[in-house]
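Novice: Now for the letters of each chain:
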Amino acid sequence: MSSNMDSNPGRGVAGASDDSLQAEHEKLLGKQPDEKGHYRLLPLNLLFLLSAFIMFSGTYLGRFSGYFHPKVYNEYGLPPKPGADSAAAAVDPIALGKNVYAQVCAACHQPNGAGLPPAFPPLAGSEWVSGSEDRLIRILLHGLQGPIKVNGVDYVGVMPAVGPGSGYNLNPEKVAAALTYIRKEWAGIDTPVSAAKVAEIRGKDGTRQPVTVAELEKLP
Amino acid sequence: MITSTIQPPPSDGDMVGLHARGPLLTAFGLAIGWLVASGVFSLIAAIQLHSAAFLADCEYLTHGRVRALAETSFVYGWAGGAGISAVVLILSRLGGNPLRAANWFGAGSVFWNLGIAAGLVGIATGDMTSFSLLQLPRYVQPLMVFASAAMGIAGLLAWSGRRRDGTFASHWYGVAGLVLLPWALTAAQVSLLWFPMRGVLQAVAAAWYTEAVIFLWLTPLSLACACYLAAKLVGRALPSYEAAPLAFWMLIVVGTWSAGRHLVGGPVPAWIPTMAVFSFSMLLYHFAVVGLNLRPVFGLSGSVGSALKFGVGSYLLYGAVAFLACFRGIALRTQFTHFASATEQLFLYGSVSMILFAALYFLVPQLLGRGWSSPALMSGHLAGATIGVVLSVVALGWAGISQGAVMLEPKTGFGEIASGVRPYLLVNTGAQLVLLASNLLLAVNFLRSLCSCCQGSGVSTALSEGSAS
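Residue numbers (the working numbering), protein chains in the order written: chain E, 2 to 221; chain P, 11 to 479.
Since the hints were derived computationally from the structure, they do not count as laboratory data.
Keep in mind that this is a model prediction, so the values were computed, not measured.
Don't be surprised by glycine CBs; every beta carbon is placed ideally from N, CA and C.
Computed list of chain E residues with no C-beta within reach of chain P, every gap over 10 angstroms:
#1 D93
#2 A96
#3 A107
#4 V151
#5 P165
#6 K185
Facing chain E, a subset of chain P residues (Cβ under 8 angstroms, in silico):
#7 G176
#8 G245
#9 P279
#10 W281
#11 F288
#12 L294
Which bits of chain E does chain P cover? Going by a derived footprint, with three or more residues having C-beta under 8 angstroms, they are:
#13 50 to 57
#14 75 to 83
Pulled out of the complex, with its shape left as it was, chain P reads as follows (with noise of 0.2 angstroms):
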């Protein structure tokens, strides 16, 4: 291991400087509240699947409505928020000078949750767009732009001042994700929203969106950490490292091109659905390379290291799924159906969540200069999120599997096909139960540190438990 530098490396306490302790763990406490909230929307859409009279009366809480509640919530508040944060804090440290412009980075964050706020009041009084994963009010939107933009100026400081000249996976994939979601968001909206395209395109610009929230934001975001926390935790180099800058331009460049994936069958040019299953398999590559790089992973013990472990094998499967999913036959098969909330379940709970489980795991402490006050309900978390997702993921993909099966034969009447699936969504429903419990446990633990180290003397332990390290 090289430790002949320059400069003497600083100490990991001080790096980030205090002046960003606040904004950052702000960024991530409210992420957090994004993501209890998203579980209790999530938990409301269960149950409407197999008893379509709860809360039906109630018109804020619809079945449509609520399901792009927790989505929005989800995605944007919890997933969005704790991602750049956390990739703004790794940069931050990466580039080894405390962390500039973080007052941009606190009036980005607070303005972001302000419009998830507003948005989620706005979708529930039905100002919601009709698209997925965009359906935040037009009015709130380009505050999202500029608010993410400026969140992402202070990692994108912290990259350009770095004080070695070479760059890290984390650093590639990090500035991708802050850079590239104001550019998406800004298209998308623009040509879905404020000039709207016409027919077929709108549909083909909708999935593009999609493909690039999954593949341009929140998997750089969730690589970058997965890329920091697996080299810091193992202590060795990724291994077949030389082949990661591929992976990740591979990921970049063609990434989106999978889009179609979304319109097999739908009333597009054939030459659209055939694009998604030549870009996906080129993304296999990318897949491959993620897996052969982060394979240590899948040696760590410890509780951030089982949320690692699970989240990269998540990805990793995520990745052969989708492929799958991708060919007409199958997806003939499994569009339209739980199976596709399944996989979206995978990616957004399994992938993305775990990894940033283990991120704030790892990275809290190192702000509040202390560890997690309950180690206790630490792994009651994680393990509670695991059994949550394994066991709405297969009930949900078990559901979609045979209601694909049943939908294909005309003489199958819709509410036999509805009663068939019931005993699935209930699994699932109790799967949103354990993960909002667990979820529960994460807030309690995040609050009840952030206390603690207030109560006790917080600065001065920071530095000197950080220093010692």
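If we strip away everything but chain E, and leave its shape as in the complex, we get (with noise of 0.2 angstroms):
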């Protein structure tokens, strides 16, 4: 190639002028007059590449495609059955109530559960714990207020209320669950709380003040 052309290669090879260019390839996809309008065929050996991309893409769209379920995230797995979310959403009361204990209950009462004389009492070894469930779910659902004699001690301090609507809005179950833990902990209960048993309560009672050592002692 000259060193002219080098410079300047714009000008291209002589005679292919842009008007000629197009003719000469639109008389290839067999647009000219006198074939009013058929296609041509692709080649053959063309046409064999193309199915041959068609047959893998689509058998291996097939085998991978996850069923094309939302939920399926790898490309060897099976759509879950029907109802296996609520098997697998079972959660163990004792480790979900320690969670919620921890982030709720432990600044006042301790993560041991000893309490901070003179305004937080102990849950371990408390009367109160190994007692009645009904009077601890209604402490949790709705605070308490006013002094509380706790292994002879007074303490003098307000429980805020934890459940739902309250400023911690606990549903039913993690209160179930952090009484559950709880009383397994530091009064050795195995019964757990249902979480039934707090939602029917707090059905009943509604929205309300918090309770006093007087009301409690009137429940069973």
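The task is to assemble the complex, starting from two chains supplied on their own in separate frames and drawing on the hints.
Specialist: Following this line, the structure appears as structure tokens:
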């Protein structure tokens, strides 16, 4: 190629004008006046190539589609069976309760349940914890106001409500789990507190002022 | 070769019309400016990869920002600016009429470049978005849509007002590239920036936009140039041309379905990465036909021919490498490594840029009416760019493969992995330096050609030389 061509390549090859270039390619696509709009067929070898790609990609898609299910993340995975979700969602109440206790209760009652006199009574060894389930549920749902005697010591403080609608807004399941954990840990009671019972008491009492010891003692 | 047409073909020189030379040359010049700027940012980013303290105290040039600056100025400033301008010019030449709506093109180009400038300032001061290839701050994004649409209007008018009834491959690719960017940019910014979709959908939309930039914008623009240049330089019709329409539609329809290849192993349903393999193996047909159509360029010599050869070859290689990297077993080793940067570099620099270089060297003399001022600078630039691209792609690719292998071993510490790839990253820094230097040659050559054109009687030379050819 001459040096002149190299410095001004814009001229291209002599004869390859824009118009003749297009005319020649239009001829190839079969748009000639005498052809009446017939389409040129794809050359056979390209047709085979295209078919091979279609077959490969179709097979691959069919094999690894994960059934086009929105919850299948693994190409070998199967779609979950209906109803499998609820079984998988069962949570250990002790683990949940420990979690809730650490987040909500431990600031005052301390992680080891010893409390902080004179405002925050202990849970460990407390006759209230080993006592009535109904009273405990109400303390958590509504909070507690006024003096309370625990293990023979008087405590004066305010326990905030933690149940639904309170500042903490724990649902009945979490309230029940926290109580289950507290009773198991510091009173050795294995019977879990049921979320249904918490929800029932909450439904019966509604939102109300914090309870007092006098009120609690009327309960069984 | 058919020459019997109704009207005698107008000579090459006056086809664009003198009124369009200013805006087009300005757009090319600004694009070259962004190319040099992005070279500086890429060099800083490359140095920071092995010497982390470099410019780390400068808030505006921390690694994340400087990478975004490099990517944005390269993709939107250089590749977008030069690609749109080259395609508008090619469409106007194929149309056989002087460029209409040249003032739309000029205004669009001014706002496009202002938008990029404002966007880069925004990125440097911390307003960038978190989406790759969409990093321009939210406030310049609508401007980019309108500016790209305004530039595209000139190309669309040249297409719709063409003298011949039929169309050429450059028409399809060019018009697609001009039309699809404003649409894709609108869709992406509405769904990611203005009314962000939530959760996993956001990642899917961002991956889709990345694919749209690659397969609906930059690929059509560069293939429009490549088909035109191939036909002009070889002087014969493209072989296997009858398969070209299907290859074009394959790219447009199937191209963005491969978005899932960026999400392999991510928290997306399994069918999305599988769909990427599906659509990329359909795209192989596109790549095969492009290879068949453009195979005469591999017989070309000369600077422009070599650049075109390299660009088309890189495009085909990119198709093969990206196809393999779609598969989960391979993506496991290549994803999130330097290998991903290497494939991006292969596409953006090796393919798009090299084809655009060839287009610039071919088209600018027609606007100037005379050749480039220095053939030596031209071949120096192309040689430097070739060496730089090969070095950086090989170094980063190798780094990525070795990095990917050791990252799968839980016992190997991160520091060990980082020091293992250090030699490759040093080579990459060298490559970025070579690229920056060679692009400076392009800028100097462009300015010199522009000046020598203005000093001489540019207008008369343009017409006389044009009609002489």
